[in-house]
Amino acid sequence: MHQLWLIPALPLAGFLVNGIFGRKLPKAAVNAFAIGSVLLSFLWTVKILLALDPLNAPYVERYFTWIQSGYVNVGFDLGVDRLTAVMLLIVTGIGSLIHIYAIGYMSHEGGYYRFFAYMNLFMFFMLILVLAANYLLLFVGWEGVGLCSYLLIGFYFLKKSASDAGKKAFVVNRIGDFGFSLAMFLIMLNFGSLDFQNVFTKAAANGGGLAPNTITLICLLLLVGAIGKSAQVPLYVWLPDAMEGPTPVSALIHAATMVTAGVYMVARSAPLYNLSPTAMEVVAWVGLITAVMSATIGLTQYDIKKVFAYSTVSQLGYMFLGLGCGAYSAGIFHVMTHAFFKALLFLGAGSVIHALEGEQDLRMMGGLRSKIPVTFSVLLCAAVAIAGVPPFSGFHSKDAILLAAHAHHPWMYWVGVVTAGMTAFYVFRAIFLCFFGTYRGTAHPHESPLVMTLPLGVLALLSLGGGYLDVPHYLAPIFGGAHGEHDEALVVISVAAGVVGIAIAWLFYVVSPGLADGVARLFSWPYRVLYNKYYVDEAYDAVIVHPIRDGSTTVLWRVVDAGLIDGAVNGVGSLARSIGGGLRNMQSGYIRRYAAWVVLGSIVIIAAVSFWGGLR
Amino acid sequence: MPSNLLSIILFTPLAGLLVLLFIPSTQKRMIRLWANIVAAAGFLVSIPLILNFNKDLDGYQFVERADWIPSLGVQYLIGVDGISVLMVMLTTIMGLIAIFSSWDSIKEREKEYYAMFLLQQTGMIGVFISLDFLLFYIFWELVLVPMYFIIGVWGGPRKLYAAIKFFLYTLAGGVLMLLGILTLYFQHATQFGRYTFEISELMKLNLPLGMQQWVFWAFFLGFAIKVPMFPFHTWLPDAHTEAPTAGSVILAAVLLKMGTYGFIRFSLPLLPSASSDKTIVTILAVLSIIGILYGALVSLMQQDWKKLVAYSSVSHLGFCTLGIFALNQSGIAGSVIQQINHGISTGMLFLIVGVIYERRHTREIKEYGGLAHVMPNYAIVFAFAMLSSAGLPLLNGFVGEFTILQGAFDANRVWAAFAVLGVIFGAAYLLWLYQRTMLGEVTNEKNKGLPDLNWREWAVFVPLMIWAVAIGVYPKPYFDILEKPVAQIVHRVHQTANTVANAPAATEAASR
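From first to last, the protein sequence lines stand for chains A and B.
At position 177 of the first sequence the residue is numbered 177 (the working numbering), and the sequence of numbers has no breaks.
For the working numbering, count along the second sequence from 1 and bump the result up by 1000.
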């Protein structure tokens, strides 16, 4: 036994200590428990992975039976394989850095202990999610991270927009869970188990004797869950709103870890997806559509966090594109590099916001290059990484995905390349608007403390060099080798797209700042559509939310309940009222009389029965 | 361990009630104290029951039998199987909590109030342990009376309307059920020449499907009104809203379960062909699903905090009845567990409304907002109860919901799909309620400076919270204790009927 359970249990302990006693503890103690537990969890992960190396076969620890009924038997089992190992390192590693950063970022906020309690609880559920050895336990983590996301988005619960956003995230995720639940029931019914090893072994043996349609249905339902959690079209709408949460939350939950849970789950279910080309095709399409759609929205946003949020949605789309093309390892590779550079983008943005005392609007920034140079330089590292500039991290993983897409359908590669160009454009647009030109705001910018810049530095190094951690090679035993020919020309084209994007951003926002507005005016109609995010939220409100709300009030409650059913009942009720007049006399308040009524009633019943009995 | 343990459990509250009658009604503190002692004693004597219950045995345990009205064949026959053991424990625990929670909130006619609660305890326990149908019926009706008074005397502004509605609704159901019982009784006399209400005897009856169906619908009315199933639910929001807090807690936690228990204990085993008749099963499942969705949707729009919780009960109980009529191991076991879960979660939610009602004397949701700021501990407890009710994994609600849905899925995929939708709405109405009452700024002056939970309120919530986590993390003991009795019922239903839908027989699957 390697005591895998300790990995999630440590943050859970941190949560319990801070959750129960945090209000009375000094900040230093809160920090010690919150950050210490996550760091220990990271170290324990490293220790176990070193002990288990090379981890050629999954290692599973079974603790106890959780749910057992009929043929349903689900254990509380944790397991590690190479895929989990990568995820564990991302979650605990990046998690530790973000926790440390949050000491500085949250130092002036109320509810300090509450924040760290939630963060630790999130770590617990996220680690359960990646360690789970069966679908149901994965679902536990899945729901749990959703809860923490809800709590942390709504952390500033005095703001209505924050609690609205939290609620939206939770409910939209529940729609995804609808699919996930049904998928689990289908798996249970057809494979008789939810255990990964059982299900995948059976699936590998001739598809478990299942009809291809059943497998496809399972995969599509799982995908519905993944779409909700990983903010893909059409359920992506909660993620941009989720930026209401504190910035470390956006970095940890809504960029680096939780939102990639859907990618992880699909990759985990690769043995099932491999049996269904249809489902794979759908995954690729969903990813591609999401990538393009949210990248176009990202072009026009002015809130620095919203820009990065749409960028996250778009990059998640990339990951799904990779998965759908069968390049699972490329998808997971991108999960990792994205965790590096996107966490850095958010934390860097947080450092900017921190410096500007809460300002998030890019139009109110500018010229910060010299005022907060450390933040500027780390953000630049993140930007070149996400733009796919070689040899930085994003280049490697994006390249792997695009090559796989080319092997799958060449046109998907081309759409991906255009999206890469847009990505480079909007990220550098944000950088240029923020750091170049002259300062347009009124605050007094100041550089963040070391406790914040140190994690930024580490993430910057990872963003630059992380591409050389050869995840696809490490995962090859699980997912197979490289997908698609390594074609120099394709690589050059995709890099060129990124560079062109950067150049246009440079032209629009540094060389001649008026140009962007001119273009926007020229294409005012499409610009408005993009700026208003294709009016998707409005459409959902009109088509789904309002009908449910109004229908429930007027039709169900007022008409059916109060009108039809109670109308009928009150017909009897008016009769009752006259009886009630009589009954009122019974309510004398004397217990003796009540007791007498009870006895009398019983006697009447018995008498009635004997009478009937006597008739026979 | 005495051989008449069940009788002791059954009559402890009644004996306490008799002593209570001799305490002068001016001795208010004494009355409260005594009622709590009796309730605690009622719980303590039930502990040996669960400890000594052998989950590996078939049939009933702790059986006690005595002739009561020999000429009619009525016996004092009580006993328990795994299902009733759990219900008895639920009753003794929730009874104690309900009585304890009344300490500060009931200020008038204490003696009568506690007398009614103790009487009700005996009635409810009697319902869950009776193995003689007439005995069951007497307890069933006995429960009606104290609850009627609890609502009618100590209730809110519209208490009389609510009490009478409750009384008439359930009485009507009860009378029809009695007709069903008598039909079986006389059929037994015809077939075997002996008058008896003993359930195991009545199970030997060989009834034609047509008659089974008639009796089923008679039972159905009795049980469905109690549960309550759509469309017989409209007494519930009124009764819950007007009842005092402890009354709502007992009503939700235990009383409603008498209906679901009735389905499991009587409808299924006594009328197996009717219970597995395709039309009947479909109707019951559809009504359950309507209840799930309808209850959730109507909850969404309530302006009254307590009414919202009441409608959520309709939704949750819909899951319970859906599980029962999945007619398989997972469905029924999940249903029983969910009945306990609903007792815990909804019990907590009603207690939560009670806490704030005592401070502000209003249940209008719009009167509140930002309470998390004033009462942080209260907000935490509420959040916990909400998550337990919404079925968050590792808390109790999830285990029941998952098992029921899994069973329902095996029986019919479409049912399960619709029922899962209810889970989405479940999250929506609770989160929205939470947002409107707890989050945001404190907008109402009257809410400033409200005191947070006191130790007595903590003492009510903590045991329930621990119980919720225990079931959520380690529900195996519950599944174990339910294994045999549920398997027996499933076996009986499927053995006598081949018309059931495409569910894989649980026994066959278990042997895989």
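Source of the hints: derived by calculation from the structure; they are not laboratory data.
Some hints here could point you the wrong way.
[To be verified] Below, a list of computed lysine to any residue pairs in the SDA-like style, where the Cα atoms sit at most 25 Å apart: (1) B:Lys1366 - A:Val559; (2) A:Lys24 - B:Leu1453; (3) B:Lys1476 - A:Val559; (4) B:Lys1278 - A:Leu186; (5) A:Lys159 - B:Ile1380; (6) A:Lys24 - B:Met1465; (7) B:Lys1028 - B:Lys1055; (8) A:Lys159 - B:Arg1065; (9) B:Lys1055 - B:Ile1069; (10) A:Lys159 - B:Ala1379; (11) A:Lys160 - B:Lys1028; (12) B:Lys1366 - A:Trp5; (13) B:Lys1028 - B:Leu1018; (14) B:Lys1366 - A:Thr553; (15) A:Lys24 - B:Ile1424; (16) B:Lys1476 - A:Trp5; (17) B:Lys1476 - A:Gly75; (18) A:Lys160 - B:Val1374.
Keep in mind that this is a model prediction, so the values were computed, not measured.
For the pair supplied as a hint, Lys1028 of chain B and Leu1018 of chain B, is the alpha-carbon distance within the 25 Å limit? Holds, at about 16 Å.
Holds or violated: Lys24 of chain A to Met1465 of chain B, with C-alpha atoms at most 25 Å apart: holds (22 Å)
Hint check: Lys159 of chain A vs Arg1065 of chain B, CA-CA at most 25 Å. Holds or violated? Violated. Lys159 of chain A to Arg1065 of chain B sits at ~64 Å, over the 25 Å cutoff.
Holds or violated: are the alpha carbons of Lys159 of chain A and Ile1380 of chain B at most 25 Å from each other? holds (19 Å)
Can the restraint linking Lys1366 of chain B and Thr553 of chain A be considered satisfied, given a maximum Cα separation of 25 Å? holds (16 Å)
Taken at face value, is the distance from the CA of Lys1055 of chain B to the CA of Lys1028 of chain B at most 25 Å? violated (43 Å)
Straight-line Cα separation of Lys1055 of chain B and Ile1069 of chain B no greater than 25 Å? violated (32 Å)
Pair hint Lys1476 of chain B and Val559 of chain A, alpha-carbon separation not exceeding 25 Å: violated (44 Å)
25 Å Cα cutoff - pair Lys1366 of chain B, Val559 of chain A: holds (23 Å)
Given hint Ile1424 of chain B paired with Lys24 of chain A - CA-CA distance at most 25 Å: Given that 25 Å is the threshold and the Cα spacing comes to 37 Å, the pair is violated.
Quickly compare the C-alpha distance for Lys1278 of chain B and Leu186 of chain A to 25 Å and report which way the hint goes. holds (23 Å)
Given the hinted pair Lys160 of chain A and Lys1028 of chain B, is their Cα-Cα distance within 25 Å? violated (46 Å)
Checked against the numbered hints above, the structure breaks hints 3, 7, 8, 9, 11, 12, 15 and satisfies the rest.
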